[in-house]
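From just these sequences and the hints, can you work out the full model?
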Amino acid sequence: MTDSAPRAQSSRLAYVWPLRLRLADSMAGRVAAAAALSVVASALLVALSGHNPFAAFAAMLKGALGSPHQVGFALNRATPYLLAGSGVALCFRAGVINIGAEGQIALGGVGAAALALHFPASLSVLAAVAALAGGALFGALWAALATAIHLGRRVHEVLTTLLLNFVALLLVQQTLAGPLGQFGAGFLQSPELPRAAWLWKVPEFGAHAGFPIALVAAATLSLTVWRTPFGFSLRVAGSSRRAAAYAGFSAPAITWSVMLIAGALAGLAGAVEVLGVQHRLIEGFSLGFGFKAVTVALLGALEPLAVVPAALFVGMLEAGAQSMQRQIGVPSALVIVIEGITMLFVLAATVRRA
Amino acid sequence: MPAFLEMRGIVRRFGGVTANDGVDLDLNEGEILGLLGENGSGKSTLMKVLFGMIAPDAGRIVFRGRPLSGHRPSDAMAAGIAMIHQHFMLIEAMSVVENVMLGWPAAGRILKRAEMAQRVREASHRFGLDLDPDAMVADLPLGRRQRVEILKAVLREAHLLILDEPTSNLAPSEVADLLTILRRLRSEGKGIVFITHKLPEVLEVCDRVVVLRAARVSGGAPIGEVTKAQLAEMMVGRDVTVPHAERSPTKGLVRLRVDRLEGPGLGPLSFEVRGGEILGVAGVDGNGQIELAETLAGLRRPRAGAVTLDGHDITHAAVGARTKAGVAYMPADRSSTALVRSLSIAENLMLRDSHEPPCAQGMFLSVGELQDKARRLMKEYDIRGQGPKTPAARLSGGNQQKIVVARELDRRPAVLIAHQAAWGLDPGATRFVLERVLALREDGAAILYFSSELEEVLEVADRVAVMANRGFAGVTMREGADIGQIGLWMSGRAG
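If you read the sequences in order, they're chains A and B.
Under the working numbering, think of the first position of the first sequence as 394, with each following residue one higher.
Under the working numbering, think of the first position of the second sequence as 275, with each following residue one higher.
By construction, these hints were calculated from the structure, which means they are not laboratory data.
Be aware that a few hints might be false.
[Said to hold, decoys possible] Distance windows between CB atoms, simulated:
#1 A:595 - B:636: 32 to 40 Å
#2 A:422 - B:590: 31 to 39 Å
#3 A:549 - B:684: 32 to 40 Å
#4 B:590 - A:425: 54 to 62 Å
Being a predicted model, the structure only gives us computed values, none of them experimental.
All C-beta atoms, glycine included, are put in the ideal place defined by N, C-alpha and C.
Rendered as structure tokens:
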């Protein structure tokens with residue numbers, strides 16, 4: 394009714410899938426402003442800690458993009474965020490607030506390690522695939538537990554998913570203290586996994602095969618959301634539960650579907666971390682991954698394809714921050730603060746208003 | 275003596291749309307002014323400008339000799355203007371006197387509850403409001419709640435009361451009481467602006483009427499110098515009476531049979547609707563209408579009883595199965611049930627059959643088909659939007675409802691359940707909806723038409739049922755219906 398010309402144009406553009414990233418006209422400008430603000434804020438903090446902010450940022454940039462190895466490192470960091478984050482985005486789109494990626498990732502790691510350690514050597518060609526599938530299965534099962542309590546007992550999904558995270562982390566400890574643990578390591582970890590289960594790596598870069606897997610997953614999810622009847626039903630359910638009931642969609646079926654998909658993807662995230670980076674299950678290997686996945690999903694405006702740049706951004710930010718800590722000696726607590734500030738600024742600039 | 279209220283040359287634009295384009299309005303003390311106009315004609319905008327909810331782009335307002343400009347609602351209230359919204363601003367879990375004290379400095383920092391209760395009693399007596407200060411608002415019928423709002427206004431010494439569509443939720447007897455109260459307020463010298471699109475009430479209670487059309491004043495006259503037809507024409511600029519004279523008599527077989535249907539807040543209740551028949555369901559909201567409509571649509575489960583459609587039992591069928599069996603449903607709640615505002619016109623048009631061909635082809639949605647279907651329906655049902663991809667939220671209320679009409683009726687349903695199908699629509703859109711419903715009747719569908727507006731039910735229905743206390747208080751043929759009897763049924767008294 395009250396359309397002005399530029400809005401009409403952007404809405405037409407926004408419908409050309411897969412360009413439908415809900416990028417407002419001034420998005421680039423707002424991201425640039427957010428980046429500038431976070432650089433200024435971070436520089437102030439670095440200067441206050443007695444270090445040279447220019448040197449710090451140079452180290453950060455080098456850490457993220459400075460060498461093939463650094464790029465590979467950033468990609469590997471981004472991979473679990475992308476896998477788990479696109480699953481979280483799917484859930485949020487359907488109006489299911491799944492905060493359980495943290496636990497689902499941890500259990501995925503357990504699943505991958507268990508399969509890799511116990512896989513028959515005669516079938517070792519399939520070891521990596523089986524271990525990945527095991528991770529996805531464990532993640533999905535953990536999500537299924539939260540969903541069953543949510544739907545069966547009418548406990549809010551935020552509670553069931555969130556609280557099961559803590560249980561999952563303790564479960565990882567338990568398995569490492571028992572069946573999967575390496576005796577006498579002095580540290581809660583499993584023995585090194587057989588090499589057959591390791592993910593293939595790009596020589597020189599060190600980037601493992603998890604990232605392409607995550608890209609395919611994100612693209613498939615995006616296609617599902619925008620181009621399938623199931624995707625339509627979850628978008629309707631996410632906008633209005635009443636409209637979904639009126640359309641004849643089953644709310645429990647939608648909740649089950651998105652939770653199982655998201656759980657499997659989070660489990661896969663844990664699996665690629667274990668199989669591609671750590672090569673063993675270590676206590677706390679995925680600490681904070683699940684919560685960062687939520688940030689990444691929101692940063693990507695709940696659109697699985699837009700979660701790709703969001704995850705890359707966070708991955709590079711972390712890679713850069715680590716090298717800043719190593720090379721300049723900026724304290725690690727301050728590095729975490731800088732990461733947080735930057736994400737907050739970018740989120741404030743990009744998340745669309747409800 | 276300065277004028278009581280003088281609004282001159284009010285202009286207000288929203289983006290490219292002009293809502294008020296140089297509107298003048300005058301009001302005297304002790305006068306009831308009817309403000310008429312279609313939806314979108316600018317009457318709400320004008321009153322929001324007066325009450326300080328939005329700022330005008332141009333124009334000036336003088337109230338009791340003092341200019342009002344750049345004011346906010348709190349300033350308007352302090353100056354003696356009160357606005358009574360269509361949806362009451364009351365806290366249901368509080369008593370009448372507590373609602374009166376809410377946000378009112380005169381109630382004291384430490385609430386003077388007893389004193390306030392006494393003032394509520396006095397004012398209630400003086401204006402014939404019949405309100406008990408200790409009654410809980412949640413227990414009051416809508417008519418009484420409205421009086422609480424009026425009470426708040428008079429206790430705060432409002433000189434001017436703006437009533438926005440005050441009769442839309444009231445039973446006929448409550449409307450009569452409201453009009454009596456308004457006359458009493460007038461005799462005390464209050465000025466009243468009565469916003470409505472119901473002409474009979476305007477003719478009954480107003481002293482003068484001003485009509486807005488397309489953001490401008492299209493006419494105005496003292497009551498007594500103007501007829502209903504003239505007012506209607508000032509509102510829309512064309513004749514909008516619905517043709518209902520020559521309709522064929524109902525000859526069809528029973529298509530929808532409801533047998534001792536019972537559920538939470540509903541029934542037990544039995545009735546039948548034949549093909550080519552419209553059963554109008556009148557009654558005050560909250561008497562089981564939503565329960566009946568949603569149970570028939572499959573959104574609520576009945577506790578007992580049976581529903582059959584063309585002889586097939588659909589009592590426990592899921593929504594999707596009902597849709598396939600030929601049940602169409604236009605819910606009263608358009609903003610979050612009948613439509614998803616963030617989705618496009620095309621997506622809203624496929625809301626009820628998105629998993630069936632032609633919408634779905636194999637695993638995927640058939641985007642091309644959907645666009646074509648949407649374009650066809652937009653043309654056929656006169657849905658005015660830029661294109662199939664325009665979000666529903668950007669359409670006017672009338673065009674949003676046309677999406678629902680197009681989606682539900684294009685399937686050529688066997689049964690239509692229409693709930694408040696024309697509620698809040700302007701006369702043009704109302705006529706469109708009623709015409710389509712009547713056309714469906716001619717095609718032989720059985721139609722259940724719920725509306726809290728008795729006049730609308732009488733216009734469209736073949737038979738009229740009145741809901742009260744979770745069931746039908748009475749059913750009568752439209753021809754020769756006794757309005758007095760219907761009123762008694764509506765008020766819940768057995769007749």
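Practice prompt. Could you check the hint for me, namely that residue 595 (chain A) and residue 636 (chain B) are 32 to 40 Å apart, CB to CB?
Written response: 36 Å, holds
Worksheet item: Between residue 422 (chain A) and residue 590 (chain B), does the C-beta distance stay in 31 to 39 Å?
Response: With a Cβ separation near 56 Å, residue 422 (chain A) and residue 590 (chain B) fall outside 31 to 39 Å, so the hint is violated.
Fill in: Outcome of range test on Cβ distance (residue 549 (chain A), residue 684 (chain B); 32 to 40 Å)
Holds: the Cβ-Cβ distance is about 39 Å, inside 32 to 40 Å.
Discussion item. Holds or violated: the 54 to 62 Å window for the beta-carbon distance between residue 590 (chain B) and residue 425 (chain A)?
Written reply: At 58 Å between Cβs, range holds.
In summary, the structure is inconsistent with hint 2 from the numbered list given earlier, while agreeing with all the others.
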